[in-house]
Structures are given as C-alpha cells and as structure tokens.
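Residue strings, one per chain:
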Amino acid sequence: MIFSELYSAYYNAIAEILTCLIKGEKDEATLRQAVQRHAFSDSVLTVLPSLKSQKWQLVHSDMTTPVRNIPTMPLTDLQRRWLKAVSLDPRVRLFDMDFSSLSDVEPLFTPEDYVVYDAYRDGDPYTDEQYIRNFRTILSAIKEHSTVKFETVNRSGRNISLVMLPKHLEYSQKDDKFRVICAGHRFSNTLNLARIISCRKCYSVKEYFSCEHKRETRTLTLRITDKRNALERTMLHFAHFEKQAERIDDIHYNLHLTYDKEDETELVIRVLGFGPLIEVTSPQSFRNLIIERLEKQKSCGLA
Amino acid sequence: MSAYSELIKNFEKIRAYMRDFYVYGFKSRGEYNTKSSRSYDDERRRMESWLGDHMSFVRSKDGKNMFISIDSRVISHNPLYRAWKTKSFTDRDVTLHFILFDILHTPDIALTLSELLTEIDTYLADFDEPLALDESTVRKKLKEYTAEGIIIAEKQGRSVAYRRAGDTFCVKDTDAIHYFSEVLPCGVIGSYILDKQPEHPDRLYFKHHYITSALDSDVLCTLFDAIRRRCFVTLNSFTRYSSDSSVLKLVPLKIYISAQSGRQHLLAYDTRLKYIKAFRIDSLSDVQIEDTCQEYGELRAKLDSLSEHMWGVNCNKSERLSRVDFTVRIDPDEDYIVRRLYREKRIGTVEKLDESHYRFYADVYDTSELIPWIRTFICRITQLSFSDRTTENLFKKDIEAMYKLYSVGGEQS
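These protein sequence lines map, in sequence, to chains A and B.
Using this note's numbering, the first residue of the first sequence is number 1, and each one after it goes up by one.
Using this note's numbering, the first residue of the second sequence is number 1, and each one after it goes up by one.
It is possible that part of the hints are untrue.
Here are the simulated lysine to aspartate or glutamate pairs, EDC-like style, with alpha carbons at most 16 Å apart [said to hold, decoys possible]:
1. A/K167 x B/D202
2. A/K296 x B/E400
3. A/K52 x B/E129
4. A/K84 x A/D98
5. A/K227 x A/D249
The set of hints was computed from the structure by calculation and includes no laboratory data.
Please model the entire structure based on the sequences and the hints provided.
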C-alpha cells in the first residue's frame with residue numbers, strides 16, 4: 001500500500017524526537033526542529049502536544065521515553081520491489097549500489113513495462129565505461145567541493161581543456177542527458193557530460209571559482225484560446241515553469257511564465273507547436289522571434 | 001463535525017484539488033463547486049501547510065485564486081511527494097508501532113503474541129492512563145505488518161512467533177535513490193526510502209521536470225502490479241469535464257510516459273470494446289486487480305506490433321495507417337537541425353534529398369499526433385503531404401491563422 005502511515009512525515013518526526021530523547025536531548029528547540037525537518041508547517045501544533053499529553057504514549061511527563069533503542073523500521077516489500085526495479089535500469093551503473101540482497105525480490109516493474117515514448121534518441125551512453133568513470137569522478141568532486149580538470153569537446157567540435165568547480169548535476173528526461181553545472185568560468189557554466197572525453201580531480205585555489213553562475217530569467221505572456229483542448233495541453237506542457245494563469249473570458253486565458261534566457265530558442269519552437277491556439281502577447285522581442293519564423297515559412301512556398 | 005487535521009484518510013479527494021491548483025491555478029473558491037466550501041477551505045489549508053512557499057494567490061474579480069507555482073529546475077525533490085506522507089492514524093496505531101519495533105529491535109528476537117502483549121504492558125505501565133492495546137488490536141497490526149513485509153510470522157510448534165524482517169539492503173548511495181526517485185515511475189517510494197536516511201546535500205537537479213504524475217502514484221503502482229501478474233483490472237474512468245465515471249474491465253499492457261508533457265497513459269485491452277486503447281492515468285481511480293488473463297502474452301505482442309506505427313499513444317480501432325510526409329529546407333550551417341530530425345523522428349524515417357533538403361515520412365495510426373512536432377519546423381517546411389487530407393487541410397489552415405494572428409505578409413487578424 002503506497003499511501004500508508006508507515007511512510008508518514010509524522011512517523012519520521014516521532015522517530016527523530018524519540019532518538020533525541022534517548023540521547024538525552026530534551027530541549028524544546030531541538031524537538032521542534034525535528035518536527036520541522038520531517039513534517040509540515042502546522043505539524044508543530046500537533047506532534048509535540050500529542051506526545052506531551054500522552055495521547056500518543058511514547059513520552060512520559062518528565063520527557064523520558066520507554067523506547068530504549070533508536071527507532072528503525074525494515075524496508076517494506078513495496079520499497080524492496082521498487083529498488084529491484086531501479087536495479088534493472090541501465091543508468092544504475094552510474095552509481096555505487098549493490099543489489100545482490102534483492103535477488104529473490106520481484107520488481108515492481110521492468111524496463112519492458114513502460115516506455116518514455118518522446119525522449120530524444122541521442123541520450124547519454126550510460127553503459128560506456130569512460131562515461132561512467134567521468135560521471136563518478138564529477139559526483140565525487142561535487143561531494144568533496146573539489147575542482148576538476150575537464151578534457152571536453154566544445155560546440156564547434158574542438159577539443160578543449162578546462163578547470164572548473166562542479167556544483168551539481170542536472171538531468172533532463174526529455175534530452176536523456178546529464179549536464180554538469182559548474183562555478184567559476186567566465187564564458188560557460190554548463191558542460192554536457194557526454195561531451196567530456198576525460199576528467200580528473202585537481203587542486204586549485206577555490207576562491208577563484210567562488211562566483212556562482214546566476215540564471216538569467218525572462219518572462220513571457222501567452223494568450224491561450226481554449227479550442228481542441230488547448231488549455232489543458234498548454235498548462236500541462238508548461239507545467240514545469242514558474243507560472244501564473246488568469247481567465248480572460250470563457251475561452252481565453254493568459255499564461256505568464258518565467259524561463260531561462262539560455263532556453264529561449266527551445267521555448268520558441270515549443271510555442272510554435274501549439275499553432276494559432278496560443279499567441280505570444282509579450283514581450284515584443286519574443287513575439288518578433290515567432291514572426292521571423294512565420295515570415296520565413298511564408299517564403300517556403302508551401303501550397 | 002470533525003476537527004481540522006493536516007493528515008488525511010483518503011488520497012483521492014486531495015488528488016483532484018492538487019492537480020487543479022498546480023496545473024491550472026486560475027479557479028476561485030466558488031468554482032470548486034463539487035465539494036462544500038468547508039471542504040475547499042480544509043484542502044487549501046492542508047496544501048498550504050504541506051507546500052508552504054510554493055503556494056501563492058492572486059485576487060481576481062471572482063475572488064482569491066490559490067495556485068501552486070514551482071520552477072522545477074530549482075527544486076531538487078518533487079514537493080508533491082509530501083502529500084503522500086500525510087496518511088492519518090489512530091493514537092493506538094502510532095503507540096503500538098514504535099513499541100513493537102522497539103521490542104523487536106533486531107531480527108534475532110522472535111516473540112509470540114502473548115509474549116508481545118506482556119512486553120507491551122510494561123511499556124505502557126508508567127503512563128497516567130495507559131492505552132488498552134488488547135490481543136485483537138495487536139494481532140491485527142501484526143497481520144498488517146506481515147503483509148507489508150516488515151514483520152515475519154514463523155510457526156513455532158503450535159504457536160506463531162513474530163520477528164522484524166532483516167534489513168539486508170544497504171542504501172550506500174543516497175544520490176542514486178534521489179536520482180531514481182525523480183526519474184522512475186512511482187518515485188515517491190524512493191522518496192520514502194530517502195526520508196529514513198541521514199540528511200545529505202542535494203547534488204542532483206532536474207530540467208524539463210514534470211512533477212504532476214506524482215499524484216497518480218497509487219494508481220500507477222497498482223497497474224504495474226497487475227502488469228507483472230498479467231491480470232485483468234477493474235477501475236473507474238472519469239473525465240475532467242463532468243462528474244460521470246464508468247467502471248471498466250481492462251487488461252493493462254504497458255505504461256506510456258511523455259517526457260514532453262508529463263502525461264502518463266495506460267495502454268490496455270478493453271474487454272468491452274475488444275481492442276487496445278490508451279487511457280490517461282490521471283483519469284483513473286480505484287484500480288482493483290482481478291484474475292489472470294490467459295491471453296496476456298498475445299495481447300502484449302499485439303501492442304508491440306502496433307507500437308511500430310504509434311507516434312504517441314493512439315492506435316486506432318480499424319488499424320488503418322495514414323502516411324505523413326514532409327520536407328524541410330536546411331542551410332549548410334544548420335547541422336543542428338539535421339541532428340534534431342534524427343533524434344526526434346521516433347518511428348519515422350529521415351532521408352537526405354539534396355544538400356539542403358531533408359524528407360521525413362512515417363505510416364501512423366493517428367496523423368494528428370504529429371502536428372505539434374511538425375509545427376516546430378515552421379520557417380523551413382517546403383512540402384507537406386498527408387494521406388489524411390482533413391488533417392493536412394487543418395494544418396495549412398492553422399498556418400494561415402498564425403500569419404493573421406501575427407500580421408505576417410500584410411495579413412490581419
């Protein structure tokens with residue numbers, strides 16, 4: 001059963017509170033932090049009062065607990081079955097995991113039971129040994145805050161060498177690609193992992209890499225005409241952006257969204273995909289990008 | 001009238017609200033007219049408590065419109081998973097849970113029901129008004145935990161002894177669990193595993209990340225179980241536009257997931273219509289696993305054969321194919337467009353016609369599924385021919401409508 005109190009935020013918060021009490025940490029601030037870490041903003045109004053009032057009989061009035069061992073729970077069958085499904089995914093080789101103890105577990109699903117039908121075909125080579133080595137080196141460098149010397153291929157196909165401080169990895173399911181987001185380089189902060197020929201940790205003055213690359217964002221307003229289910233399709237398609245929608249009348253809606261400047265071309269073609277059912281109303285610069293493409297199309301002589 | 005609690009008993013009620021708040025976000029309180037106002041207020045308050053900063057509101061002429069706004073590129077963990085961690089429980093449930101696992105704190109300890117009851121009494125003895133945890137309550141909980149696989153029941157002569165299941169799996173790499181919890185189906189289960197691990201910094205982020213499917217995890221999980229067991233299912237199928245729902249008996253065959261919209265479909269054999277069709281998973285509920293389907297292998301092979309001509313999720317009843325054919329102009333310095341064609345062509349074929357023209361063609365069950373993709377090549381389409389003439393005419397009419405919309409070539413809307 002996926003919706004069960006066994007996985008609840010409250011049970012996790014209680015487990016941490018009991019752990020604190022077993023260790024003799026009884027101060028209110030520590031216990032409140034345990035609730036805030038695991039549960040929700042209103043939970044402090046329930047969890048500690050329910051324990052203190054002996055509604056949940058796990059804490060005595062002197063803030064001791066009859067529980068003697070740090071609370072733990074074995075993995076459920078559902079968790080084991082999901083982990084078994086993880087073990088069947090080709091991308092699992094990127095990580096250091098040992099699934100041998102799950103040999104007798106039935107997977108919740110296998111790669112044959114589902115298909116991501118519109119992911120791009122030129123995804124990263126997850127079974128390539130050099131790619132796996134590069135992935136692990138970068139992940140380890142991120143953990144250790146270590147700089148890395150990359151030998152990579154740039155956009156024009158030239159081999160280049162760079163020293164950067166990797167901050168995190170970013171994965172896109174649509175592109176089926178990992179990117180390394182780095183700090184400290186003047187021109188670029190993103191490297192496609194599949195383009196990295198080799199890399200190794202190196203030791204540089206980290207202060208040089210202290211500047212975080214800031215995402216440059218822009219806003220866009222689309223006017224949706226809700227015909228042919230366009231409203232739902234648009235809202236789902238752009239769901240991953242920070243956005244706000246408003247109704248204008250029975251069939252027209254405005255959608256304001258914030259996007260990264262570096263993804264502007266991608267967004268132009270995504271907007272084009274909706275045809276006349278969504279119109280860019282602002283900014284004019286984005287509208288001009290659509291107009292430019294339509295003018296070129298008009299010159300193609302499509303009858 | 002029961003008091004408000006941020007925990008819930010039934011997920012189905014909040015599922016629709018969360019979807020509306022996240023995907024649409026322009027409805028006012030008065031428009032949620034299928035439920036009472038109090039119900040709306042309680043659900044909104046819960047979401048505010050669970051999702052905190054991700055909840056926003058605007059004032060419109062219809063009142064205050066609440067919505068969930070999340071830039072999924074800057075968050076590392078799907079915040080909608082929090083909704084799955086809100087199951088309500090009784091005072092007895094929680095008390096018994098922690099006492100039971102404290103008594104059975106290693107897999108070496110095996111106790112009978114009566115031995116457990118004696119132990120439990122010693123835990124409760126010092127409370128002012130000890131809870132009554134009788135034999136039936138404890139037996140029921142042990143049975144429930146045995147079904148979940150966290151307690152093992154073993155015959156010892158004429159009685160049964162209970163011990164905790166052994167934890168042989170070691171989560172060595174939390175980054176792996178984190179990654180798969182965001183990219184694999186039913187990722188909320190991975191999130192449950194992460195919750196039990198020590199805190200760790202986030203090293204993985206996600207782009208083009210559709211998080212809405214989290215709300216359908218229960219339905220999806222049961223469907224996967226049925227697929228693995230090759231069983232029929234009965235389920236409720238409903239539409240967003242009306243309160244109508246119908247009970248269907250299906251053979252679930254495969255889950256189709258879109259990385260470009262986050263939509264998930266079940267491809268299943270409909271026993272009443274007697275053909276394979278797609279069902280949106282966010283429109284399904286109450287999935288019940290039924291008997292084994294003897295023809296499962298044949299039906300799955302049938303779907304595999306149909307998939308050779310499916311651009312998206314549609315395979316029509318008559319299995320009649322339509323030809324989609326178009327040509328694009330690509331300048332010599334536009335190699336990236338050629339790469340786009342090859343990586344995005346799916347079941348289609350790409351041919352180089354000359355130095356600056358490439359042709360795409362495919363035989364598909366549903367031409368309309370390709371239209372949004374073909375439109376992304378607007379600015380370079382030089383030839384287009386569909387055997388489905390109605391769709392071809394609509395495509396061309398739409399381009400004309402776009403010229404008018406943007407006043408291109410002197411055309412005015």
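Against the structure, the hints:
1. A/K167 x B/D202: 10 Å, holds
2. A/K296 x B/E400: 13 Å, holds
3. A/K52 x B/E129: Distance ~13 Å between A/K52 and B/E129 Cα, so the pair holds.
4. A/K84 x A/D98: 11 Å, holds
5. A/K227 x A/D249: Holds, at about 13 Å.
When the structure is compared with the earlier hints, no violation turns up for any of them.
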